Amino acid sequence: MSNKAILILFAVLSMSIASFGQKTAEDYRGEGLEAMYQKQLKVALSRFYYIVEHHPRNPMCPQVYFLIGEMQKDRGKYQQAKAAFLHVLNDDFAAAKSIDINGVGQNPSYNYKHEAAASLFQIYLKKKKYDSSLYYLSLADTVYTSIHFYAEINGHKTSDRVYKALQYANLYRRLNRIGDAEKELLKVSFEVEENGTNLVIEELKKLFMKYEQSEAIKSELLSSIEHFASDSVKYPAGYVIDGADTVKYAAGSYQRHYILFRGVKVKIDDYIRLGNEVYVSKLDNQIFDDRNTVAAYLKQSKLYRLVQEL
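Position in the sequence shown (from 1) plus 303 gives the number in this note's numbering.
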């Protein structure tokens with residue numbers, strides 16, 4: 304081969320290498336997402352790992368680590384999944400606003416740390432490491448909070464409040480913290496929704512039948528209903544997502560009505576108002592002035608019927 308040919312070949316190779324080297328982290332992310340959509344997980348992982356290894360300070364890294372964790376979790380590679388999710392939790396960058404998957408990118412409240420903690424909760428639950436599972440559930444719920452309105456459990460659509468209560472109760476039961484399990488379920492025992500409440504009542508029934516004295520619990524619930532009370536609850540300023548709009552609201556307070564049962568303030572407002580089709584208005588608290596009517600309606604509740612059947 305002549306010197307001229309060698310020089311030309313070298314120039315072509317150099318251009319190819321330069322062209323490859325000019326690919327950005329965003330290019331690799333795009334290739335990874337496309338491969339993920341096509342179920343080519345090994346290809347997707349190779350692109351995502353390239354980003355975190357060669358662009359470790361890129362602001363999209365929280366998202367990329369999260370996607371790595373989800374794919375590794377789906378593959379049953381729990382150690383790799385945990386490592387990726389812990390990178391998300393320990394990351395000090397502001398997470399990218401859009402994840403561009405399943406429309407999640409439309410929600411500016413999407414929180415990778417919340418989702419990473421929630422995934423770690425699921426992994427440790429599957430591994431029967433209940434203390435660790437409880438830690439990450441609490442982390443997702445109280446530290447890295449995110450806005451969710453509905454969830455699904457056992458094929459049933461439930462409110463996020465009911466879903467979390469059932470998950471907490473399940474872990475507390477497995478840790479033999481029966482009182483804590485009961486308290487979590489009681490907090491949502493007067494939810495208006497049908498599916499979630501049925502699940503809650505079913506779990507309470509199992510606990511009450513196994514661990515409680517029926518006559519004592521019947522007497523306590525009856526007294527709680529007949530002596531329902533109220534207090535004022537303060538809430539901080541915040542916002543809610545309404546479609547494409549972010550609606551801000553100021554700090555304030557509201558009147559909460561509850562029964563005190565098993566050491567838990569069980570909120571009854573929605574159950575009474577919505578069950579009687581008395582919707583929120585400036586006058587809606589007047590319904591609670593008739594204590595006999597409220598007590599009679601509470602005695603129709605699933606919780607009351609459950610306790611009476613013990």
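Simulated from the structure, these hints should not be mistaken for laboratory data.
Please read these numbers as outputs of a predicted model, since none were measured by experiment.
Check the hints yourself; a few may be wrong.
In the DSS-like style, the derived pairs of lysine-lysine whose C-alpha atoms are separated by at most 25 Å in a straight line are [claimed, not checked]:
| hint | residue 1 | residue 2 |
| --- | --- | --- |
| 1 | 537 | 513 |
| 2 | 345 | 431 |
| 3 | 508 | 568 |
| 4 | 376 | 432 |
| 5 | 380 | 345 |
| 6 | 432 | 345 |
How the hints compare with the structure:
1. Our distance criterion of 25 Å between C-alpha atoms is broken by residue 537 and residue 513, whose separation comes to about 37 Å.
2. Of the supplied pair hints, the one linking residue 345 and residue 431 is violated, its CA atoms being roughly 28 Å apart against a limit of 25 Å.
3. Straight-line distance between C-alpha atoms of residue 508 and residue 568 comes to about 19 Å, which keeps the hinted pair within the 25 Å bound.
4. Between the alpha carbons of residue 376 and residue 432 the distance comes to roughly 16 Å, so the proposed pair stays at or under 25 Å and holds.
5. Taking the CA atoms of residue 380 and residue 345, the gap is about 13 Å. The hint holds against a cut of 25 Å.
6. Distance check on the hinted pair: residue 432 and residue 345 sit about 29 Å apart at the alpha-carbon level, beyond 25 Å; violated.
In this structure, the earlier hints numbered 1, 2, 6 are contradicted, and the remaining ones agree with it.
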